[in-house]
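For this one, chain B is given, so just place chain F on it according to the hints.
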Amino acid sequence: MSTYLIRRFLLMILTLVGMSIVIFVLLRLVPGNIADIMFDSAGFVDPAEKAIIEAELGLDQPIPVQYYDWIAGLLVGDLGFSYVSEMPAIDEIGPRIPITAKLAALSLFFSVLFGLPLGVISAVRQNTALDYVLRVVSLSGLSLPSFWLALLILMACVAWFGAIPIYTDTPESLWDELALYLLPSAAVGFRASALIMRLTRSSMLEVLRQDYIRTAKAKGAPDNSVNYVHALKNAVLPVTTIIGIEAAFLIGGLIITETVFNIPGVAHFLVEAILMRDYPIVQNLVMFIAIIVVVINFITDLAYAALDPRIKYAD
Amino acid sequence: MKPTFSTLVAGATLVLLGTGLAAGVAEAQKQGGVLKFYHRGTPPSGSIHEEATNSTVSPYMGVFNNLVMYDQSVATNSADTIVPDLATEWSWNDAGTELTFKLREGVTFHDGKPFTAKDVVCTWNLVLGTAKARLRKNPRKSWYKNLESVSANGDHEVTFTLKRRQPAFLSLLAGGYSPVYPCHVPPKKMRTHPIGTGPFKFVELKQNEHVKFTRNENYWKEGRPYLDGHEWTIIKSRSTRVLAFVAGKFDMTFNSDVTVPLLKDVKEQAPHVVCHKGPTNVSTNLIVNQDSPPFDNADIRKAMVLTIDRDAFIQILGHGETIKSGSLLPPPSGVWGMPPDVLNKVAGYNPDVAANREEARKIMEGLGYGPDNRLQVKVATRNIAIYRDPAVILIDHLKEIYVDGELETVETSNWHAKVARKDYQVGLNLTGIGVDDPDAMFYENYACGSQRNYTGYCKQEMMDLFEKQSMMDNGPERLELVWEIDKRLQEDAARPIIFNNVAATCWQPDVKGFTMMTNSVYNGWRLEDVWLDR
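Chains as they are written, first to last, in this note's numbering: chain B, 1 to 315; chain F, 1 to 534.
Treat the hints with care, since some could be wrong.
As the list claims (entries may be wrong) - Now the in silico label distances, taken between C-beta atoms and shown as ranges:
(1) F:H193 / B:L29: 30 to 36 Å
(2) B:I97 / F:E204: 52 to 58 Å
(3) B:W175 / F:V203: 24 to 30 Å
Hints in this document: simulated from the structure, not taken from any laboratory. Here a beta-carbon is modelled for each residue, glycine too, at the ideal position from N, C-alpha and C.
This is chain B alone, in the form it adopts within the complex (with noise of 0.2 Å):
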């Protein structure tokens, strides 16, 4: 187990080394800079400044070095200046991580939290009017962009209660701060949930055709024992590697939502700092995204020797 785990630890730095280069090449590779951008607001580009700009910022070093600077910064704590606000990125992105942080984590409780056990029932009676209805729920989930879904709960919320929950002030308790993430992580999370649902569905109906199943319920055990411990427990573990996946790819669709509801995350942040080419800002916020996503999937992995004790990772 620990010569898998440093194996895989191992595995886990080359790919972000990997990573870091991926991501400081594209973001160098696509047309313009944030020189072009600052001189957008002013209608026009004055080539000799552009330059001068560009010198300040030390864009008119060869890539290498930029990357070699870049890294030698990040091993130190240093992550530079954000090109557009001229403020430390730390400073830009470390008050966002929090809130994108508790947004994720809520959209992927409400993605458990009803996709799990809806898709339980679903499978339990299966092809009865309960099981259609859940199956339609769940596909206008996986069919419904989450921009529009947004766009819809504002509108109704306006409409009906004539206020909208979007963010304009800091919530000052926690009260405040469950209400404001309430609906967007609803918005997020039930594209997950119906995923989620989905395919525990299909996980359950495969385990309760199983021989251990049947000789379960003829050995009388409780219907609730036998979906909710017997079958659930080694049906779940497909559905762990989609809730891995799934909490990785969540940073996608925060964006839309963040931007629909307005709050300042980090994955709004993220779209608007490629916009303006905020290298510093971009760089280090992919990476920081890169570093979760692996972790994540690291956990997902030991998940399953977790969930399921047959699997064993040899030494």
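Below, chain F without anything else, positioned relative to chain B:
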């Protein structure tokens, strides 16, 4: 004429009435409250001199004072509505080449440092590029081509010396784009934490979140501002921000953010709100790269001008509300634009579009183009709806004269770089003007060497005409010459104007004392007279 008794009585009555009215108004105004706006995106910086966007000037104008400014309670800016600001009075020398301002005493910047003539000198040295400190961007340098120098005569008097007479120079100083900066604050700090003498102090800008301003307790104008501050919440999604305004989350929309179609929704959903719909003095125009063959041929450019059906643009995109104009906005909203009877005589503006196009086709046929030999072009524009939509209609109009256009959408970040490189054939652009005066318009957009003259249009005879009108006093003679220049610019396809945009700004009924200006979206945001009736 000697005053008679009756005129004296009438005068006294008027004065009393005026005083009474003023007192009545003053009594009604309430102190306090924070005015909440939404903003369409993070302002690029807080340094007004370095930007050419109302994303900066609208929120930040209240941080500063000008030497003179347009009366904030008069909707249409003109030379007659210029009032004192940091300058208490001004005078020209006999030759009209020296403009001397007497400056207000006892004014301090937000950091407590005193305002003096040195600050005025520093500000315009920055703009002229003669200061030691440097502006990163200097979009209005072309406005001050005629400015020789600025000199302080003691602490409270300053003289602007011009190379030649330019009566409209004062108008350039009166707009929101001409604030006075402090000498002791470097440009970098002005971008991130601007300091001025204005009614509101900058508090903080958080990217994608908000920009906040608080009342300047030491403001030199007694009793102002009425507000405790103003805050701008940044909301990128237009649907979200307009819904939030409708739901009452904000007191005011962003400057001219409500489009004509959207205004109908807003009025339906929130009939109680106050909306001012009017021209923005931002034109949608055609840019043709005159260095790129075959567009170096003036005849092709003329044919392109002739095929434009402006009424179609106005009906489709502006629901009939946008304005047909030359480069300058016509009355009643503007001051200098050609009225309809003059405009209709300009090539391409004749309402008989079929006849215009017939003439255009003849020109094209004369150049060898026809149904079997069509000209293929790329029509470049920004990938934003307000650019893209008219570009699509333009392509349709070009088809009428054997020109097949292909839409080339360009990411916003690359647009000006592409235009500056002249890496386009035909493009569609939007142009806003800070001050409704021919000097600002011609020197910024059509003069040889100006950085914002995107097409590179440069004709000495036109430069001579620009200078001639610039040296004239305001009056019918200057107006006629300005119309003649505008006519020639349109017919030369220097940057043919397709239409002048109209948009709305809305506010809740308890927002008082705000006047939306009709001929510039950049000049009415001092906010010192605005108050909340709560």
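For each hint, the structure was consulted:
1. In this structure the supplied range 30 to 36 Å holds for H193 of chain F paired with L29 of chain B, their Cβ-Cβ distance being about 35 Å.
2. Under the hint 52 to 58 Å, the C-beta atoms of I97 of chain B and E204 of chain F, about 20 Å apart, miss the expected range.
3. Restraint check, W175 of chain B to V203 of chain F: a C-beta distance of roughly 27 Å satisfies the suggested window 24 to 30 Å.
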